[in-house]
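Peer 1: So the protein sequences, as listed, match chains F and G. For the first sequence, counting from 1, position 41 maps to 41 in our numbering; every step adds exactly one. For the second sequence, counting from 1, position 341 maps to 341 in our numbering; every step adds exactly one.
Read the hints as simulated data drawn from the structure, not as lab findings. Predicted model only: the values in this text are computed from it and were never measured. Please note: incorrect hints may appear among the correct ones.
Said to hold, decoys possible - DSS-like, lysine-lysine: derived pairs with alpha carbons at most 25 Å apart:
#	chain 1	residue 1	chain 2	residue 2
1	F	86	G	298
2	F	86	G	1069
3	G	972	F	109
4	G	999	F	88
What follows is each chain in one-letter form.
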Amino acid sequence: MIFLVDDDEIQNLINSKVISIVNPNITVDAYLGAERALAALEEGRQPKIIFLDINMPKLNGWDFLEIYQTKYQIPVYMLSSSINVKDKEKSETYPVVKGFICKPLVVEKLREILRENSMV
Amino acid sequence: MTQERSVLTLNKDLFTYCSVFDQVPFPTALFDQEGYVIYRNQKFEQYLDQVDGHAVSMDQSAPGFEQELIGFLEQNTLTHEWKAAGWNIIFRRVVSTEKEFVLATLKHRTSHLTNGNSESHLFSEDDRSWFRAIVNHAPEAILILDFQNKKYIEANPQAIKLFGIPKHELLHRHVGDLSPELLSDGRSAREISVGKIQKCIETGKTVKFNWEIKRPNGDLIPVIVRVLRLPTDKGILVRSSITDLSFNEQAKSEIKARKKQFNMLFGNDIFSMLICDLSGRIEDANPAFCKMIGMSRKELVGMPVRKLIHPEELSKHDECFSSQPKGNQKAHSVEMRIIHKTGKVLYCTCSSKLFTDPSGKQFQVQTIIDLTREKQIRKSLEDSEHKFRSLFSNSIIGILMIDVEQKSVLEANPMAQYILGRNLEEITSDPLLIFGNESTDDQNQKFIKTVLKKIRAGEQSVIKSQIVRPDGSLVWIRGGAYPLSSDDSNIIVIGFIDISDSERRKQQFIRQNNQLNAFIEHSVIPVAMFDSNMNYLFVGQKWVEMYPTQFGRDIVGKNYYDLHPNIPQRWKLAHMKALSGKTIKNDMDLHIKANGRKEWFRWLAKPWYEENQVIGGIIVYAEIITDEVLAADEARKQEARYKSFFENSTLGWIEAEAVKLIKYCQQMGAEEFSHDRAFELFTECQVVGFNDQIREIFRLSNTSVEEFKPMKYVTGSLSGFVRQMVNCLRNGIQVFEYELAITNEEEDKRNLFISVRLPEDDDYQHIVYGILDVTDLKSSISALRESEERYRTMFESNSLGVVYTNYRKSIIRVNGAFEQMFGYTEEEMQFKDEREMLYPKFRKQHDEIVRQLNSGETRFVSVEKEYKKKNGKKLIAHTTSNALYDDEGFHYGTVTIIRDISEHKLNELRLRKKNEELKKINQELDQFVYSAAHDLRAPIANVLGLVKLLKLETMSDEAHHYLKLQEKSLDKLDEFIKSIVDYSRNSRLDLAKNEIDWKEFIQDVLDQYMFSENASRLKVIVKVDQKIPFVSDLNRLSVVMNNLVSNAVRYMDISKDHPFLHITAKVTKTNVVLVVEDNGIGIEKQHLQSIFNLFYRANSDSKGTGIGLYIVKETISKLKGSIGVESEYRKGTKFIVQVKNFATSKRKKR
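Generate the whole structure from the sequences, applying the supplied hints.
Peer 2: Right, here's the structure in full:
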């Protein structure tokens, strides 16, 4: 199971599709807000990876990470349209973040990530 | 004058002589040099008997005789004939060994006394006797030789003495026997001597020759022999006179020694001496006399002595020096007053004596002893004697002066007369009154007798006795006696007092006391009389002035040592000696007072005796002579100073002879005088000496004194100098100073300060130039002036405020600029503390600065401070404080220079504010660019994603194609946005410094393109040569690398079988050379130049935006690097990038 956390519905749709193209067996849970993703985790849902957007209303990506890293160890991949190097650098300070992907998420990249996490 | 004298006084020779001319048949008399008759022969006696029968003056029997005789005495002729009335009188000069005499022979013209004998007969008779007399009494040795027999027939006593042979032996010797056999040149003495005598006989003239005679004991004596044939008819007789030269030699050396002694005596400056001619004109004066009279030798020479004599003494002088003693006679000695140049009267003893120099010229030598001081003392002594005499006559003591031998009373004072009851005449006329007869037992005489007895026995001669007066009254007397002087014990002074009336005596004692007191008190010399315990008995006014005490004059009866506890031990010792009977004196005794002042004393301490001859105490005369001693000392010091001035090696001196110049200047009258001539004479002056300092100044190497011409070194004209010297010489000014410049041997210009000393007297007509090199002094002075000028300019310059603060932190001075800056005047600022003007927050800092400057920790502090001006406004200043030190390193104050930077500061503040604003704006803009980029990109990403999804759906080919175009267009837009962000960042942001591992870095970039279209076909080879750290801006390098790599990917030639991308990076200390090479589509040649321009696209259907390479170029230039491109269309492209390595430069900086 993969979590997609992005306030952009289209993004979530596209990314879900891309994932299903690479591996149709993977369940994708898409959340339009970070707080919803956290709530799902609280409920006991256990994804294998989480794709996380940065710019979000209410809790943004960083806020999510602050809370998340205290409780969970599931790999997080940042998935943002930001090309600011500072964002990339900042993400690297979180041990739980395993990668920074500049949108769009392409099939090749996704495949590599899934391979890393033995999901193919 | 012709008074007789006893013939007993004549010497033996003369006596013999006289016996000879007793035989002379004419009346003959012998007179001494002064005209006294010494002897008369028998004929003369007979003649006188006839004339008047008794010894009378010759003048009476031959009027004019005395005058004639004196006339002859004064002449120098040997004989003189005088025709007197009836007589011919012949005067002859005869000489004995010691004296000159005159023989006067009287010949009666009528010749009745000669018994008719002819004159010629008489003369031959006369001749023989004269002859004998003269021979016998001549001072030289005389021999008469009978030439025919070659035998001596007569010899005088002098000859006998000279040859040392008895007369009888001598008379029969052969002529040559008395000489050595051979002369020193080997010739026979006998032949030579005979030859000489023969010559004399032939010529009839005196022959003179040097000879040696031989005594029996072998002694050879040098002599001069004069031989002359005698005019006689009795054969050939030759007279030979022999003068003993050995005696002459002795005499010569003696004269020499005397002369030396004379010079020594005369040159000596202790005794004043004068040499005068007979008219009393001074011929020479010795230094002592010059000093005494205060005149130079030049002034004195030629002056009549009379001019120096006190007018009242002139007659005395003339009388005394009218007849001058000479030879061994004792000099006249006379006391006279003479006048010092200043008009001061000097009391002197002048002794005068006449001398004759070898040329026969007579001169007087006068010795003058300055007695002024002694005279003054003697005068005071005379005064005191006078006082004593009055004491003598007024004394309450009866005083008798008696001559024991003659048994007479010489003097008796009124008191003695009174006590004895007799007047002076009675006492002196009647010796018996005092002495009586041996047998008488008169009480009066008993007193005297006892006195005499005691005196003779050397016993204590204090006697108490009773005498009876003529009126029968009885008087008790007490007295003593002592000899008047130690040489003559015959004269005895007896003092006695009437002790019968004690009351009266007491009164008289008081009177005497008062007199003595008065005498001592008014003594001109400080004097005090003490008893044997050194208590004051009498004290003089002068003494009290000299030794002031708290008691003033009221010190009689007080102890000297109590009053003056600090007197030196040696004085006490002297007092003790005086008390033991000695007279002690010291003419110059140095005493250092308690306050350190030096005083010199002349003192004398002597005992005084009570009536009983017991020492009653001492009398001390003491005089302060400090002024005299100091004056003498000062004179010595002056001399030493002058001397040291000359010997001082730091001062150069040149001495030049200037006789002609000085004479010309001093003697020429104003009309004749010419400065040109003086200048000419000046140039002729010859240098006679100079010291090493001169060598140094003139840089003379081996120049000798004769060669040295100082004038040739002088720069410019000498005429001013010479003119001044001439003026000095003409006006008697001895010292003047001048400045001259010279160019020395090393062509170095020196400024000289010259002190010229002109001669004081005529004896030494040399000029001494003292020379000091003042060149360095001058330049240092001008340098000093310059620095002062600079200082002043700085101080008065109106841009910088200057404050002088003393070491107590009070302001001493401020300049005009300060006044303008602060609005305070200098007066208002004086003695204020700079600290008060500072804003409180700067005071602590100020205190620390002052502490550092005062402690010497630092000499210089530069800080910014804020002051409050007079108008209350703030003044921001940059201040520099310098500690001031004097030459000895003493910190005496601080100078602070204040620069007003208020304006500057304000500007700086404004700028900073603006800068911060800009920074903020920049940050906001940055943020904006990111957000904008993000917000722009997000929809594009969405559309792109949808397009990609749509492409997965099954649709017509056409639709698919459109989607593809749509996707391409969106990619381009996305790329463009990214590029804009990169550009924006590069232009705005500062350069970051990151350490870069090139291998890793390149790989990271490549990773981003792994999934690009066709990327898998591209064969990528990376070669990195990095052994040292590399530092640069990572982000910017990423932009560059990204662009280059993306270009390579983008323009890959897919038609080629093996597309490749080669990346090499070579890191050096200074930079990295990065080469990115591909075999892509390449760039056409015409585009190659423009590919780095903004929005330039080489390929019309290019996927690029035309912005990438522009950003690359801009970024590289930010990174201090360069980029180049090589490309061939269809073959490939090669970018060569060079970027600075900041690591090394950073390290270098350290």
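Peer 1: Hints first: check each against the structure and report whether it holds.
Peer 2: Status of the hints after comparison with the structure:
1. F/86 x G/298: violated (119 Å)
2. F/86 x G/1069: violated (29 Å)
3. G/972 x F/109: With Cα atoms ~20 Å apart, residue 972 of chain G and residue 109 of chain F stay inside 25 Å; holds.
4. G/999 x F/88: holds (20 Å)
Hint check: violations occur at hints 1, 2; the rest are consistent with the structure.
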